[in-house]
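Asker: For this one, chain U is given, so just place chain X on it according to the hints.
Residue-level listing of the chains:
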Amino acid sequence: MDALGPTVCDPPYGMQAPPLLSRVWPAPTALFARNSRQPKPLCCRLDGLPLEAGMLARLVLTPGEEQVWRSMRAVAKRRHEWLLGRAVAKDAVRMLVEEHAGVRLSPLDIGIQPDPYGRPQAVGSWTARLGVQPAISISHSHGTAVALATLGRGPLVGIDLENLDQPRESFEAIAFSPDERDRLAAMPQELRQEWALRLWCAKEGVAKALGRGFSAGIQAFHITAAETGSGVVQLELRERALDLFPHLRLISIMAYTGREQDLVYSTTIQPQGAAE
Amino acid sequence: MPYMTEAEVFDQFAPIVARSLRIDAAQVLPDAQLTDLGAESLDLIEITMETESQFHIFLPDKSILETAVEVFGSDILEKDGYLTEEGKRLMMCRLPEADVRAFQGEVAVKDLHSYFLKVGTWVRMVQALAAHTPGECAACGGRMAGSMGFRMKCARCGQEITLRSGEELNREWVQEYYQREYLSQSWFGAEAGSAVPANAVQ
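Going down the list, the sequences are from chains U and X.
The first sequence begins at 65 in this note's numbering and counts up one residue at a time.
The second sequence begins at 18 in this note's numbering and counts up one residue at a time.
With the rest of the complex left out, here is chain U:
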């Protein structure tokens, strides 16, 4: 038993902590991992259900979460993605905590609960006992779920994932302002569809990182630069979003975007202090 006492990481219900089900996905955090001033983030990925859904639920969900999952009146796709999202987020938190504190948590130690605005939070008695508070973000698309997690003094993290295999041409009229559409139109034709999704992911990733989603409107997240070579997208907040986050006035928020096969992703890690 570790020095933290017998209660923190005892396998609950007499079980051994189950193995990790997800794999580390380094690509979305590659740019941030090189920045030594920030805590190293971790991204995990789960492609499809690794077990039958009911078995996976019993393995990774707390009793309260399992009750929520079993009572969900949703299509199978939604129920599976919700479950996958929890599973992958718990794996990311487990890996981070083990690396940081040398303690292997069970997924049943970790509750994934939305805050009043809907942003997921990792909770459990271990946060106080170990003195850690992971920041997490979850995304899923077409059966793949990813989670971004980091420790440290409250960085805001956001990840978004979209799939290129379902062409959507018309969303740009709502998703982007005229000058953002001009920016896209100036890109080489062969990059346009992919970059339309990258820019969308960048907006959504930042909206998730700040914790209010698009409640201030999509156009409140404005793209100011997009570098096709590095995948870096810069955004600034406008209008109502600035009322919510006045500290981010005139601040350029960076999103790192990339593509792996048909998956397009964006990650944002905004240091604490830049936003309240």
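Just so you know, the hints here were simulated from the structure itself, not pulled from any lab data.
Check before you lean on any hint, since a few could be wrong.
To be verified - Taking beta-carbon pairs under 8 Å as the criterion, some of the chain U residues facing chain X (in silico):
{"hint": "1", "residue": "Pro-178"}
{"hint": "2", "residue": "Pro-180"}
{"hint": "3", "residue": "Gly-182"}
{"hint": "4", "residue": "Ser-205"}
{"hint": "5", "residue": "Phe-235"}
{"hint": "6", "residue": "Ile-238"}
{"hint": "7", "residue": "Gly-281"}
{"hint": "8", "residue": "Ile-282"}
Backbone N, C-alpha and C fix where the C-beta goes; we use that ideal spot for every residue, glycine too.
Answerer: Same frame as chain U, but now just chain X:
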């Protein structure tokens, strides 16, 4: 547009949702949440665009709560992610069809967003906005048809009008509510005149 009942709007809206999400239209029930039907963010945009096109309306891009907070100022309707009593009053006035029990105790902003994602909530919003879309030309009485962007054009005389946006209509409703319900209450209450936001229309 000619007046549409809630049932008529639903009958036209449900196939839009079913097509976008590739599900059976029978699964699209008024109480279902679009996200529970499998909608992701881009699906919601697709549903928005198709709905605007079919009903000749201009849906708001932010929630009524966000618009109301802009008018009232911060911390009056919502504080730390929960509706205040003033916020609950406004939402109950705005959503008279909602179960009042949903506004008892703590009401988190995320719960309100879940309500806004219900099929039935969308149907009522579409119905309300469609009532502002003219079916006949004000100049000649001819039939109005959809034109480019958010415009309608008279099939007889060619006169064009720009549709009023959901955001503009929401703001008008909030400002009217603010004057009628909030300011009058403040004038005669203990907090008379104490909370007039700078951005409120006087």
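Asker: All the hints need checking, so say for each whether the structure fits it.
Answerer: Do the hints match the structure? See the list:
{"no.": "1", "hint": "Pro-178", "in the structure": "holds (6 Å)"}
{"no.": "2", "hint": "Pro-180", "in the structure": "holds (3 Å)"}
{"no.": "3", "hint": "Gly-182", "in the structure": "holds (4 Å)"}
{"no.": "4", "hint": "Ser-205", "in the structure": "holds (7 Å)"}
{"no.": "5", "hint": "Phe-235", "in the structure": "holds (4 Å)"}
{"no.": "6", "hint": "Ile-238", "in the structure": "holds (5 Å)"}
{"no.": "7", "hint": "Gly-281", "in the structure": "holds (4 Å)"}
{"no.": "8", "hint": "Ile-282", "in the structure": "holds (6 Å)"}
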